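Colleague: As you go down the protein sequences, you meet chains U and P in turn.
First residue of the first sequence: 1, per the numbering used here; consecutive thereafter.
First residue of the second sequence: 220, per the numbering used here; consecutive thereafter.
Hints are computed from structural coordinates only; laboratory data are not their basis.
Here the structure is a predicted model, which means the values were calculated and not measured.
Careful, some of the hints might be misleading.
Unchecked claim - In silico lysine-lysine, DSS-like type, Cα no more than 25 Å apart, as pairs: (1) K52(U) <-> K358(P); (2) K112(U) <-> K298(P); (3) K52(U) <-> K272(P); (4) K187(U) <-> K81(U); (5) K104(U) <-> K398(P); (6) K53(U) <-> K361(P); (7) K360(P) <-> K398(P); (8) K272(P) <-> K105(U); (9) K351(P) <-> K271(P); (10) K318(P) <-> K79(U); (11) K111(U) <-> K79(U); (12) K111(U) <-> K323(P); (13) K105(U) <-> K337(P); (14) K52(U) <-> K111(U); (15) K79(U) <-> K298(P); (16) K271(P) <-> K133(U); (17) K298(P) <-> K323(P); (18) K62(U) <-> K318(P); (19) K142(U) <-> K187(U); (20) K323(P) <-> K337(P); (21) K323(P) <-> K361(P); (22) K351(P) <-> K62(U).
Claimed, not checked - Now the stretches of chain P that chain U is said to cover, found in silico as 3 or more residues with beta-carbon under 8 Å: (23) 275-289; (24) 299-310.
Claimed, not checked - Residues of chain P placed beyond 10 Å of chain U at every Cβ, according to the derived structure: (25) H270; (26) E295; (27) E338; (28) G365; (29) K392; (30) A410; (31) R422; (32) D423; (33) A435.
Just so you know, even glycine gets a beta-carbon here, dropped at the ideal spot from N, CA and C.
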Amino acid sequence: MADEIILLDFLPSIFGMRVRVALAEKGLEYEYREQDLWNKSPLLHEMNPVHKKIPVLIHNGKPICESTIIVQYIDDVWKDKSPLLPADPYERAHARFWADCIDKKLYDLGKKITLTKGEEQDTSKREFLEFLKLLEGELGDKPFFGGENFGFVDVSLVAFSSRFYAYESFGNFSIEAECPKLIAWTKRCMERESVSSSLLDPQKVHDFVAGMRKRYGVE
Amino acid sequence: MGEEVKLFRSWSSPFALRIVWALKIKGIEYETVFEDLSNKSPLLLQYNPVHKKVPILVHNGRPIAESFVILEYIDETWKQVPLLPEDPYERAKARFWAKFGDDKVLTSVWNVFIKQGKEQEEALVAAMENLKFLEEEIKGKKFFGGERIGYVDLVLGLLANLISICEEIIGLKIVDEEKLPLLYSWMQDFAEAPIIRDNWPPRDKMIVKFQALLDAAIASSSSSSSSK
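Bound-form chain P, shown alone (with noise of 0.2 Å):
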């Protein structure tokens, strides 16, 4: 039988480029219809009508929406070059990290990005708390997933490229050599991978793109507190 795979995603989704990864990973041919999340086609609303979001697999015409729940159906689907331990206690913790890389990790790092003076100082104290769960995770690995990519690399990933966008722009280290030597080494590692290096969007539309929204975040901050 035929397998026909999709994936609608935007250019610059972070979200969508563990489903690209995953893909690619595993060596599965699929179809990328790109969104243009600012005019959202009738498909996306059909295939994802509660969060209207990408990324979104259809598989056979079936649609799986969440990243977190695409890779999960990706792993379970095509069983090669496995991304989850085989383990349950394993599995648990790797679902653990995930879920700390997005809830806390991301926004921590995103503060950092859009806060200014004492704001920020308070915000890379936190970030740093967070990160230096991440750097104990890491110990005596190359990748979380051991001696190849799994899926707390592939969740995590999008850090080794937004970190260094987000420290151009701002002019501010938030992941120090120094201070951080085996997060600074992974993210450099995973960067150059093969499959996650040749996948990254253009950076200097990113700059571009974040530029944009630290502007906005700016302006909209300086709005709410002009009564101050």
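So here's chain U without its partners, still in its complex pose (with noise of 0.2 Å):
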């Protein structure tokens, strides 16, 4: 019986990104659905009724919700083909902690630059830049935050890159200027056609924020 893959999505969303690039990473095919998050589907409500939000993927009529509770999903379904998480539970719950740390913060601090001005935005800044510094630390020398191969926590965090035009733009700041080892991690997982085919264009990504924050009132 063939698999049916449903992704509701939105193309801006880091974690729908996140979702596509597992896909492409075990190279299944899916029917992509746009959604209108300011007029919400039937079917989102429908399949996602406690948080209404996206990414949700839907296997064969069965919906999951949360990025990184769908990678895993789909790691564990698609087990065969190029597993992101390592098969050691020390080494699975060492990636698994990084990704919540990612979770827990890059994306508050990122939504923060673009959002705020003056000190709580220069605030944010230091943080973000702390942040990936710390990040770089845990990379290493290591091609990839999964060793040599690309694996959980590169799929948690390379969507946030399409972002980072945004966030220096509208921050005035120069991501690579101090973490240039993450960039060219960065640059690293966009040669992987799973990533570079899921990523939304970085300057497509500036507009939508640009546009987000016309609507804040930031501008």
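With the hints in hand, could you dock these two chains into one complex?
Modeller: Here you go:
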């Protein structure tokens, strides 16, 4: 029986991009359905009644929500191709810890950089760069966070790189100047078809963020 | 090979309790290291430099931090009495409800606890919306894990204790037996289960601690609104 995979998503969403990358890494065919987040569809309400958020993966009619949970699901089900989590429990715990860390910190800091001004923005920029440096320390000399192989933490983090241009532009700072190793890592990731085909072009992301700034009255 | 398992915790940390329960349910021998969170040990800072928090599980000298991460590690390393389901879809659902518990339910219950007047009324409405999802999810089951306690029960389990402590302090019902009968019943069953019932922190100490947390929260909110 062929698998039916539908992804409810929103192109500029970092969380959606994670799922797109994971599906591409596994070479899976799926139907992409762009959602209007300001006019949510009945399907989205039905498939994610608790949060009404994207991404939602619908696999043979059954919904899975929350990007990190979806990526683990994809890795569990299609475990024979391009495993994202390592086999060893301690290494898995290590990867889950860093993915959780990224979830707890990066999105909110990035949001503050693009939606605030003055001192609040300065503090956010500083904390953002500190966190990226922490990630550089974790990466070390490895090509990927997963070691030789592109893995779970790489999937969790790489989508943020599509937003770096927006952060730099609205925050008026350079990420590469402070975190060259991390930028080198993003370029290495972008050489993978799964990543380059899944991430939205940084200019388009920038324009989306500009629209959000107007909507929130930041401009 | 000898197994060396240590759990760094504080006497009251509800997140550490999850780990205590998991280790005991699986029959794993371990040593407890109690931390004074106002005076963190060098070892804690070495084992969890990123967050500097408990719980931390140290297995044969290797540290794991963050309660969800530790629970999955325990389940993958000691396979007896599995906590997470085998089926990938059921596992995804379990992870979803665990995350919902921490991100939404706990936060909304805390808001009911620390807010006053109209804000508290609104917080209670928000908490009820979240608790109703749990009420729906437990329909037809004794525990979230089915016939026996599983991952979701261990994650949500702190509610079985904290909610009654909060209710006693503020004199307000959060999980009303009439409004949320299934959840109320789950809280009793969970709290009374073997291992769980033997491992709650002392209630009188918890009441004192939470009263102090409430006093501090009220003091900080009134000082920040004194200019109004």
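Colleague: Taking the shortest Cβ-to-Cβ distance between G365(P) and chain U, state whether it exceeds 10 Å.
Modeller: Given a closest Cβ separation of 18 Å, the condition holds.
Colleague: Please verify whether K272(P) and K105(U) have alpha carbons no more than 25 Å apart.
Modeller: holds, 16 Å
Colleague: Would you mind confirming whether the straight-line C-alpha gap from K105(U) to K337(P) stays at or under 25 Å?
Modeller: At roughly 31 Å apart (the allowed maximum being 25 Å), K337(P) and K105(U) break the hint.
Colleague: Holds or violated: are the alpha carbons of K111(U) and K323(P) at most 25 Å from each other?
Modeller: Holds. K111(U) to K323(P) sits at ~20 Å (cutoff 25 Å).
Colleague: Holds or violated: is the Cβ of A410(P) farther than 10 Å from all Cβ atoms of chain U?
Modeller: holds, 25 Å
Colleague: Taking the closest pair, is the beta carbon of R422(P) still more than 10 Å from chain U?
Modeller: holds, 31 Å
Colleague: Is it true that the CA of K271(P) sits at most 25 Å from the CA of K133(U)?
Modeller: The hint holds at about 18 Å.
Colleague: Please verify whether K52(U) and K358(P) have alpha carbons no more than 25 Å apart.
Modeller: Answer holds: K52(U) to K358(P) is near 22 Å, not above 25 Å.
Colleague: Decide, holds or violated, for the assertion that all CB atoms of chain U are farther than 10 Å from the CB of H270(P).
Modeller: H270(P) is in fact no farther than 10 Å from some Cβ atom of chain U, at 8 Å.
Colleague: Need the status of pair K112(U), K298(P): alpha-carbon distance at most 25 Å?
Modeller: The given pair, whose Cα atoms are some 43 Å apart, is violated under the 25 Å limit.
Colleague: Has the given pair, K351(P) with K271(P), been kept, meaning a C-alpha gap of at most 25 Å?
Modeller: The given pair, whose Cα atoms are some 34 Å apart, is violated under the 25 Å limit.
Colleague: Below or equal to 25 Å on CA atoms is what counts here, so check K360(P) against K398(P).
Modeller: holds, 18 Å
Consistency note: the structure conflicts with the earlier hints numbered 2, 3, 5, 6, 9, 11, 13, 17, 25, 26.
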